[in-house]
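Order-wise, the sequence lines are chains L and U. Residue numbers for the first sequence follow UniProt numbering, so the first one is 1 and each next one is one higher. Residue numbers for the second sequence follow UniProt numbering, so the first one is 1 and each next one is one higher.
Hints may contain errors.
[Said to hold, decoys possible] Here are the simulated SDA-like cross-link-like pairs (lysine to any residue), alpha carbons at most 25 angstroms apart as the crow flies:
1. L:LYS109 x L:SER96
2. L:LYS147 x U:ALA140
3. L:LYS110 x U:ASP243
4. L:LYS147 x U:LEU223
5. L:LYS110 x L:ARG100
For the record, the hints were derived by calculation from the structure and aren't laboratory data.
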Amino acid sequence: MSEPHIETPEELDRSDARPVDEPAPTGGSSPSSSATGDPDLLLEVDHVTLRFGGVVALNDVSFSLRRGEIFGLIGPNGAGKTTCFNAMTGVYQPTSGAIRFQGESLVGKKKHEITRGGIARTFQNVRLFPEMTALENVMVGADAHHKTSVLSALFRLPRFWREEKSGRERSMELLRFVGIAHRAGDVSRNLSYGEQRRLEIARALATDPTLLCLDEPAAGFNPAEKVDLLALIRRIRDTGVTVLLIEHDMRLVMGVTDRIVVLEFGKKIAEGTPAEVRDNPAVIAAYLGVPTDAA
Amino acid sequence: MSDTAVAPPKAKQNFRGNGGVRGWFGRQPTWVRAIVTLVALGLAILLPYAGDVPLIGPQIVTQGIDWPSSLFNMSYYVLLALGLNVVVGYAGLLDLGYVGFFAIGAYGTALLTSRDSLLYAHSGWSWLAAAPVALAITMAAGLILGWPTLRLRGDYLAIVTLGFAEIIRIVATSTPNFLRGDRGFTNIPHPPGQGADGKPIFGVTDATPYFWLGLAVIVVVILGVRNLDRSRVGRSWLAIREDEEAAEIMGVRTTRFKLWAFAIGAFIGGLGGVLFAGEQGFINSQTFVLQFSILVLAGVVMGGSGNMAGAILGGALISYIPDRLRGISDPFFHTDLYEYRFAIFGVVIIVIMVLRPQGLIPSRRRAMELKDREKEVAPL
Chain L
1 MSEPHIETPE ELDRSDARPV DEPAPTGGSS PSSSATGDPD LLLEVDHVTL RFGGVVALND
61 VSFSLRRGEI FGLIGPNGAG KTTCFNAMTG VYQPTSGAIR FQGESLVGKK KHEITRGGIA
121 RTFQNVRLFP EMTALENVMV GADAHHKTSV LSALFRLPRF WREEKSGRER SMELLRFVGI
181 AHRAGDVSRN LSYGEQRRLE IARALATDPT LLCLDEPAAG FNPAEKVDLL ALIRRIRDTG
241 VTVLLIEHDM RLVMGVTDRI VVLEFGKKIA EGTPAEVRDN PAVIAAYLGV PTDAA
Chain U
1 MSDTAVAPPK AKQNFRGNGG VRGWFGRQPT WVRAIVTLVA LGLAILLPYA GDVPLIGPQI
61 VTQGIDWPSS LFNMSYYVLL ALGLNVVVGY AGLLDLGYVG FFAIGAYGTA LLTSRDSLLY
121 AHSGWSWLAA APVALAITMA AGLILGWPTL RLRGDYLAIV TLGFAEIIRI VATSTPNFLR
181 GDRGFTNIPH PPGQGADGKP IFGVTDATPY FWLGLAVIVV VILGVRNLDR SRVGRSWLAI
241 REDEEAAEIM GVRTTRFKLW AFAIGAFIGG LGGVLFAGEQ GFINSQTFVL QFSILVLAGV
301 VMGGSGNMAG AILGGALISY IPDRLRGISD PFFHTDLYEY RFAIFGVVII VIMVLRPQGL
361 IPSRRRAMEL KDREKEVAPL
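Just chain U, same shape as in the assembly (with noise of 0.2 angstroms):
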């Protein structure tokens, strides 16, 4: 964001990617490339056997809450920072109440399939054919919440969603025959398929089928926010955080774009939602809450905002120390750490942004380019 143009000299030059890990990986050829993300890809899916690496594995993987369990929460927070990224990070706009459209693809889910539901008579649907329908009612929600607020700037318009995520929790609280509030949805079907020995491949004792098909999951969205971003589309949210007055006065139609970070937004949150109604089999208000939007929002800007390998990582690391804490006692009271979560949360955000003000891995999507271009203008 605009803190770069204050940006010490030595920062300048990594900005033109000739340094660190992402400056080489810049300079590579295709393959080198591909290589390099097949066998990240490989690991990641990998994962889930963390543990059984010698030495390292056991300081990985978590203790309080079982890995693969762990890996999958990783997966849909990852998500919701991936989405959220497209809104904050691409086009600008301080979204406060993410959580909204994650409750809504939830409750999407919920109510197309849960026992529980009003509905259930008439829809009790599978999860994979409530899935697109959730999808659809969450990104109906971003347009209608996007139509009449993105008008609004900065400050209003983050006000504003705050209110929308709280309208959701609220709703969901009080209306016990609806939303069902504290009692929740009970019975929402697991994802299909069946193993070899005719046993659900996405049972309840193993999470490691649901990290996979998050990962998938993820995978599409890396690969579709991509192809967004580098293209017209892009350019137009990254013209608009610039400079809005000056995007529209250049022929950008601005609120349409700011329309379209905003579903695109809303409809990954969806996916995540759907997701982990799928793995939990249950859900109630109580999931939904505030502290939920913040902390996404603390893991896109503490990896680095506008930047997909930022909010990967930020939107891992948010779910991950948490979980990393469980099941260790501090040495004075006796207590689990889980406990002080987010005390030593706020610690390492604090850290991070007095180290890395612009993020674990800052916006350095122009350095990639650079180099695209500088070979395409060369034989000029």
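Just chain L, with the same shape it has in the complex (with noise of 0.2 angstroms):
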């Protein structure tokens, strides 16, 4: 089985190193402006507009994510956060605006395409299959790529064993990773909420993702278990995956992103580095509720 996520730091030179007919963007740059062509770019937002009935719930929103790079996506509550990664996963379909992946556009395209074709993503509340074990649940995520149907299965050909097998291991190596290996065989509804959130992140792996998009895997975290997540985010990116992290608690956010949007109500009010958001007027007014002229 080949996996297209574990690019290594040659191969990303390479990339690097194939002519573009643009220079790469640069950040804060419109993505609009960017080719389609260029290797480094693996998810454009491109002018995306989602309503429903009269409620907009993104307005207009413009960002591009690069390749191996940790890209936070931020705003107030109800800022449309979550419905933008909705639309990327193919819960929703945007209304007009294009979203493309690896220069593929996405709309109209079925979740579990989307997930084969390698965006994986974790819930905001917790969606585990509860009465499945913690290694089934990843396995159903290294399933994803899997061609087991229901004749080698019943018959138990040479397929089934090699695929379980392969499956297994690798879902026991996800679930090491993430560090829960000890409760690979109890049942997922037993986990702890720290350890059920963990696991979503390792049966999202499962799937061979080049694009993960956590939504706010620190809801109800304590400072320590943030810590860690922290450290779990960095190694998953330096196994060459692209993080796309929604968050809500800012200082997380600061200290692991590279890059960050802000959304505030269905639109996007800054984008830049950390420390470029952190200073941005209109960023502190949306979070503090003060008017931009008193900032």
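If you follow the hints, you should be able to join the two separate chains into one complex; please do so.
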């Protein structure tokens, strides 16, 4: 099985060396102007608007993710962060605009196709399969790229044994990676909250993603757990997976992300490095409720 | 299902497979489990002679219907329960028209074999030749019904499947030449084979061979379903049942696997129908009433949805209880208790649901696998 997401530094260098039509966009540049042939460009959210009846959940939002970065999507409650996530993973279809992943449009694709295409996610409210063991939960993720179907399973054909074995080994490896291997045989409902959050990350990683989207992974965590989570997110990035992080906790976001987009009322109000965003008056106003002119 | 979430702590402990017969069974080494399974199978094969066991035997065997026939009835009910368990218990799709597939299996066999069939001039096949074709038709029917309807959820799917079974029955009732309504099909051939004395193995006087045939089919079905359950297919079904949207976002092709569950359920239901037609030699539209679907569903839920042992027990009980009531008269009006079967049955179901809301043998699939996994994980 190919593992496209584990890119060695050499490979990354090579992709950098590939000739491009236009220079790679620098931080903060408009994504619509960037070339689709840019190998560094992983995901483009291009003027996306999403309406639910009269409610405009996303209003002309544009940003882009580059390979290998940790990207933060932040904003106050109800700013449209999760909606944006859902549009990217196929749960909602944008009313207008385009979302492109590795140059391919995601609009109209089915959820499982998007997952197999390389975007994995976790949920704001943990959504594991509660009656399955931790290992089985991860194996469902690993199954995304398996081909065992009814006939191979029924007659125990070689493909079944091969995929079951490799899937199980990979899943155990991921459970070890997130640090809950000792709970592999336990029903996931019986895991602690923190373990469940980690299990969700392992399950998402099992689908072999190029892009991992974490929806408020630190919600409900104590400071020590947050530190562990930060380390885990960095380790995930170090394996070559690009990470998109939705988070409330500003300190966590500032500590780990390379670039940040700030949403408020469905609109993008700022984009840049953590330091740039932190000093942006509009962001301060959005978070503290201070009028812009007073900031 | 979801009601396990509110199960009291005691039930949770059971869930881990510590107590009870199944907990014990799960802890045994493979060879002990193999022996226990073989002994159970051996006892099942000897069931037709249960009446010869002193003291207990006469209490078990039915009176108003000969015991081997009653056993055969149980065998096809068990098959249906196993098939419906795949659809309802594993994939979590509520199918209220399961009898439709049973009917298609039986009618398929009848159309291809019976002298009364319009096709007789062209086909007039033996039972064995007709069986695979009838099964293929049943499976195709499952796919045709499933393709447009599996996008529906919950109640809507239940209504559509209910309608499907009724359509089959009404078509059968109202096509006097094709499916022959009440007159039905006669002279459906029995399964092939001759004994040493030249008499056919599958005759009309003794139902014992039919029971053994049914038992053999059940064993094959159990092995097949078990293989599916413990694979990517079973995991996908369970994931769909627990959280369909999350499953799809994790890359599970939900429509495809739901369709498979439907087709496999249809196939097993069709098997029941083919066996039924072969034993009875006669079928008509009266056989395939709605009650039948509800009864099988009640059996699955009563036994323990999502668990094969539960489905087998439930399926056997829904057939055995009414049969056992035959030939016993009540002390007041001296009518056959069989006439009260649904009333008695209702009471039994209520009692079981009050005492064991998750079924007689609730799904503890996890508990056994847990043991296997613990072994694998331990060295780490």
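Results of checking the hints against the structure:
1. L:LYS109 x L:SER96: Distance ~15 angstroms between L:LYS109 and L:SER96 Cα, so the pair holds.
2. L:LYS147 x U:ALA140: holds (23 angstroms)
3. L:LYS110 x U:ASP243: With Cα atoms ~17 angstroms apart, L:LYS110 and U:ASP243 stay inside 25 angstroms; holds.
4. L:LYS147 x U:LEU223: Holds: L:LYS147 and U:LEU223 sit about 21 angstroms apart, inside 25 angstroms.
5. L:LYS110 x L:ARG100: Status holds; Cα separation ~14 angstroms.
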